[in-house]
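If you want the building blocks of each chain, they are given just below.
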Amino acid sequence: MNGMSATTALGSSSDVLFLMLGAVMVFAMHAGFAFLEVGTVRRKNQVNAFVKILTDWSVSTVVYFLIGFPIAYGISFLKPVKQILGDNQGYDITHYFFLLCFAACIPAIISGGIAERAKFWPQVIAGAIFAGITYPVFESLIWGQSSAGLQAFFKQVGGAEFHDYAGSVVVHSIGGWLALPAVIILGPRMGRYLKGKSHPIPISNIPFLALGSWILAIGWFGFNVMSAGHLEKISGIVAVNSLMAMVGGVLAALIAGKNDPGFVHNGALAGLIAVCAGSDLMHPLCAFVTGAIASVIFVYGFHIEQEKLKIDDVLGVWPLHGVIGSWGGIAAGIFGQEALGGMGGVSLASQTLGSLAAIVFALCNGFLIYGILSKTVGIRLEQEDEFRGADLSIHSIGAYPEEHIR
Amino acid sequence: MNGMSATTALGSSSDVLFLMLGAVMVFAMHAGFAFLEVGTVRRKNQVNAFVKILTDWSVSTVVYFLIGFPIAYGISFLKPVKQILGDNQGYDITHYFFLLCFAACIPAIISGGIAERAKFWPQVIAGAIFAGITYPVFESLIWGQSSAGLQAFFKQVGGAEFHDYAGSVVVHSIGGWLALPAVIILGPRMGRYLKGKSHPIPISNIPFLALGSWILAIGWFGFNVMSAGHLEKISGIVAVNSLMAMVGGVLAALIAGKNDPGFVHNGALAGLIAVCAGSDLMHPLCAFVTGAIASVIFVYGFHIEQEKLKIDDVLGVWPLHGVIGSWGGIAAGIFGQEALGGMGGVSLASQTLGSLAAIVFALCNGFLIYGILSKTVGIRLEQEDEFRGADLSIHSIGAYPEEHIR
Amino acid sequence: MNGMSATTALGSSSDVLFLMLGAVMVFAMHAGFAFLEVGTVRRKNQVNAFVKILTDWSVSTVVYFLIGFPIAYGISFLKPVKQILGDNQGYDITHYFFLLCFAACIPAIISGGIAERAKFWPQVIAGAIFAGITYPVFESLIWGQSSAGLQAFFKQVGGAEFHDYAGSVVVHSIGGWLALPAVIILGPRMGRYLKGKSHPIPISNIPFLALGSWILAIGWFGFNVMSAGHLEKISGIVAVNSLMAMVGGVLAALIAGKNDPGFVHNGALAGLIAVCAGSDLMHPLCAFVTGAIASVIFVYGFHIEQEKLKIDDVLGVWPLHGVIGSWGGIAAGIFGQEALGGMGGVSLASQTLGSLAAIVFALCNGFLIYGILSKTVGIRLEQEDEFRGADLSIHSIGAYPEEHIR
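Protein chains in written order, with this note's numbering: chain A, 21 to 426; chain B, 21 to 426; chain C, 21 to 426.
Keep in mind the hints are simulated off the structure, nothing from the lab.
Be aware that a few hints might be false.
Where chains are identical, the list cannot tell them apart; a pair therefore holds if satisfied intra-copy or between any two copies.
Below, simulated DSBU-like cross-link-like pairs (lysine-lysine); rule was C-alpha separation at most 35 Å, straight line [what the hints assert, rightly or not]:
#: 1; residue 1: LYS64; residue 2: LYS278
#: 2; residue 1: LYS99; residue 2: LYS253
#: 3; residue 1: LYS330; residue 2: LYS64
#: 4; residue 1: LYS102; residue 2: LYS253
#: 5; residue 1: LYS217; residue 2: LYS102
#: 6; residue 1: LYS99; residue 2: LYS175
#: 7; residue 1: LYS278; residue 2: LYS395
#: 8; residue 1: LYS253; residue 2: LYS217
#: 9; residue 1: LYS99; residue 2: LYS64
#: 10; residue 1: LYS99; residue 2: LYS278
#: 11; residue 1: LYS175; residue 2: LYS278
#: 12; residue 1: LYS217; residue 2: LYS328
#: 13; residue 1: LYS102; residue 2: LYS175
#: 14; residue 1: LYS215; residue 2: LYS253
#: 15; residue 1: LYS328; residue 2: LYS64
#: 16; residue 1: LYS395; residue 2: LYS328
#: 17; residue 1: LYS278; residue 2: LYS215
#: 18; residue 1: LYS395; residue 2: LYS215
#: 19; residue 1: LYS217; residue 2: LYS64
Okay, chain A solo, but in the shape it has when bound (with noise of 0.2 Å):
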């Protein structure tokens, strides 16, 4: 061997292994999923919350394994293992494992918002569909093997492809909208709204909420520097702007938020978020303005969602998701800029029309599949059950169980 096929093999080993270290700190979000849902909802709906991310996570990857993944990608692993591991270690199925977690970001998404009083069966059903369908093909339109295009058509209106390095719109957005509708038809927990006036529902747990504030933002940095996709692409402005948009965050929420706990944890994430879709083009300051837009966002959007609209989103995962997904769309147009000590080559139209693409797309999908399951099975906990708790009407068991015998 060669200098030259020794260094293709090593780096051919090493994409294997960049991919695998993204995939498993992405892996490891949907535990922060988890913890952050069981801070939040009361105590008889936590060990709901736990089954519920670890169920969805394991059905969408049955499902993106089988459908999504040949939907986004045109690439199949029905074939002997032998040909899957291939020359490169394994290359795509290791990008398969990658761009799961993205997917199966979005019944986590949704997990957050339905929270304490929907029905288990059909809400994996609905998360079946949309990591096994739904997002696939507006993955494949964006980043996938139908992308030519959507793509030029965004070029040739707005001068420039729709840039979305890490997902901003195609996984956050399309989830917090995929959520609206959701929380819509589902309706607000019993006593939430009750004769038109806002009865808030005191969280559980904020050590849990931090711990899962805290695994999501850990992981994070695999979301969006392994989605350099290979080892020799790594960029480290990718892990400087994914920090700065979350300090950003943190401190716009202390201010905003009145130094609330749960809005300063929750602001790290709304920065994250709305830095993926730029976070390879802008400057490190431009990130923290991004971040700290996107925290104040967050902060008054709760606030509206909740108290103005009446929407019970237990999570707040429309405006957080949803909301900042977009924002994260169209910030990547502005602070992209080379005008702006960014890298250039985008669009604000572009990054705009992308934006509210998604926006449409998710809210028509889940009107459309959330309508037909409210109307077919049923998507809500009888009364009864919804006043016993998740826990004890769907699992049996309450997540202190000793605490029962003393």
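With the hints as your guide, set chains B and C onto chain A.
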């Protein structure tokens, strides 16, 4: 330096990084063992679970460094550090770190079975013997410096060497089948069976149990993927097979375990245990089936163990690591076949023989060591100490000290 | 592209990945700082611990970006992102990320000492000064752009440069010795000492304390191993020495601390703090001894501090990070010697001098900054606010809001 030698240097550094990352991931799994046990035992035994796991880890580190690794691989580190570093940046000692993480699983696995009534120091001693001698001897026979003879025997009798890529048999089944004698000799917890009737003891904290399961599952990708040993041997198949077995385990537990959170979170582990042996050989769909079967074995095995055999194995480590570890060894012989889309080169006979050998080896050693300890220093807490809980009686403090003064 | 240039490109990418992974691991340690504090303080101050750590992290990120890193290394990022990216894929800014994680340890360390009675914003300001100016100045003198002069002095006087591989002195001792003046000026918590008698305040939650310790220990491998800066300089010795010092710390704390879970879990950290400086130099068995001695220092130092000196340092950060950090600097000068199997090239005199310099530097800065803050804005909560707890008085919410309505 020319291209080739630069590549060699980079490859050497990459190998150290690769193994180090794997080691850290598997080290982290020990926090998972701790939380899994903490969530499952009663509140009065939570501190003990933490201290046991951390102490067992620490003792294992020392004995495997001084005795175990030299037994298994014939490499000693009792020489100046310059020689340890060598010209490959300390590859061997990094390899020690990675493989220590496996050895230290043995006491960590047993810990979950004997929880809530075992004396502290006798178990530390048992763990030291297992990690320092028992396990390394078996490791040496299968993977290590003495493997030639036994593997030649397997090849002659079964047609292929015994294949255990990441330790379904060498690690998990040894741990689980060592735990069985420990649990039998120790006897059930006070009140667990009264007049031949089973009185299940409620677990304390499902969020901690779930946290433990998540940490284990995340770290497992280091356990399996980095078992390649060298970066150039990395395989994306191993990562995705681990994933697939895990989700097979989750989904089967969801059904067989009737949506019970304990089964769902242990089901993930069941799948991961079963897939270790053949994770480099199977098609991902076969890995899914391997994991699903493992999970069904756990759900019914746990029930049979606890209710029919009346063995009080608190975390169910015998069915989980023992029986399923053996299943993993056998499954590699089935699903590794080319006829089922696998890589081939394995033999069901060899796999079955190797798995049986591990059972016999572990049972003999377990009854011997725990028998001696039981007859000499005693392995069980005094009744009064057990009643007060291991936390107060061994560590003089409960898990939530502030509570006692309120 | 020929073999050499392909290898160079791969090496450059690998360096960015290497540092990024290290940065993320040390970033994760800040979740560990948070949980360690949350588990140790009373329930009424848990929210405050989370928000302090996250806010200090965020402020440190900004000030170290704008001021600290330029002070320490003479590199500014106030230029277009294309120039930041350069032709090494943003190595410098990734290096900033990694080293920020060290700088941000300073306020995180102090946070544990001043817990339960400090005002919020004055501590944020102090943290900003430390991470933005104080720490970078010392960093610059030892590791950074101004190191030539001081290191030449050490070499002349002591025979070798002052060696601090991963910051026992530069990071931990600076943090711990800055905390001492803060704790002294702040005074003990209400009721901690009454009429000259010590009344220990029970900690709240050992599972959270243990989680914090585990997260810190896991992330520490990034702290130490990635201090190599470049992948080609990685050393397996560093990883195993970190491990050995940790388990030395655990086992010594187990004995000296009479099986107390707080000492055992902090003992792991004591060992890790002590080994940073010489982790690249020592034989693993010497690292074990270094960690064991550190842990004994902590057990007795904590007792002396709290009971004899009557200093209410809640997490014991002065003995833990301060005194043991200094011990780490000295230990490198002892166990790094070739006569003890080490790599050599260090001098006990230089190590002692450097460690003393850090103490003087930190004490002066600590008394100065906290003295000024105390005289101007005040650093201590009002009595009533302290009594209600920092959570309700600063953040208007407790850690378990649902409890209050049941």
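These are the hints, each one checked on the structure:
no.: 1; hint: LYS64 / LYS278; result: both (29 Å within a copy, 18 Å between copies)
no.: 2; hint: LYS99 / LYS253; result: both (30 Å within a copy, 22 Å between copies)
no.: 3; hint: LYS330 / LYS64; result: both (23 Å within a copy, 32 Å between copies)
no.: 4; hint: LYS102 / LYS253; result: both (28 Å within a copy, 14 Å between copies)
no.: 5; hint: LYS217 / LYS102; result: neither (62 Å within a copy, 53 Å between copies)
no.: 6; hint: LYS99 / LYS175; result: between (37 Å within a copy, 29 Å between copies)
no.: 7; hint: LYS278 / LYS395; result: between (42 Å within a copy, 26 Å between copies)
no.: 8; hint: LYS253 / LYS217; result: neither (53 Å within a copy, 62 Å between copies)
no.: 9; hint: LYS99 / LYS64; result: neither (45 Å within a copy, 52 Å between copies)
no.: 10; hint: LYS99 / LYS278; result: between (56 Å within a copy, 33 Å between copies)
no.: 11; hint: LYS175 / LYS278; result: neither (43 Å within a copy, 52 Å between copies)
no.: 12; hint: LYS217 / LYS328; result: within (10 Å within a copy, 55 Å between copies)
no.: 13; hint: LYS102 / LYS175; result: between (40 Å within a copy, 23 Å between copies)
no.: 14; hint: LYS215 / LYS253; result: neither (56 Å within a copy, 65 Å between copies)
no.: 15; hint: LYS328 / LYS64; result: both (27 Å within a copy, 32 Å between copies)
no.: 16; hint: LYS395 / LYS328; result: within (27 Å within a copy, 45 Å between copies)
no.: 17; hint: LYS278 / LYS215; result: within (29 Å within a copy, 38 Å between copies)
no.: 18; hint: LYS395 / LYS215; result: within (26 Å within a copy, 52 Å between copies)
no.: 19; hint: LYS217 / LYS64; result: both (24 Å within a copy, 30 Å between copies)
Checked against the numbered hints given earlier, the structure breaks hints 5, 8, 9, 11 and 14 and satisfies all the rest.
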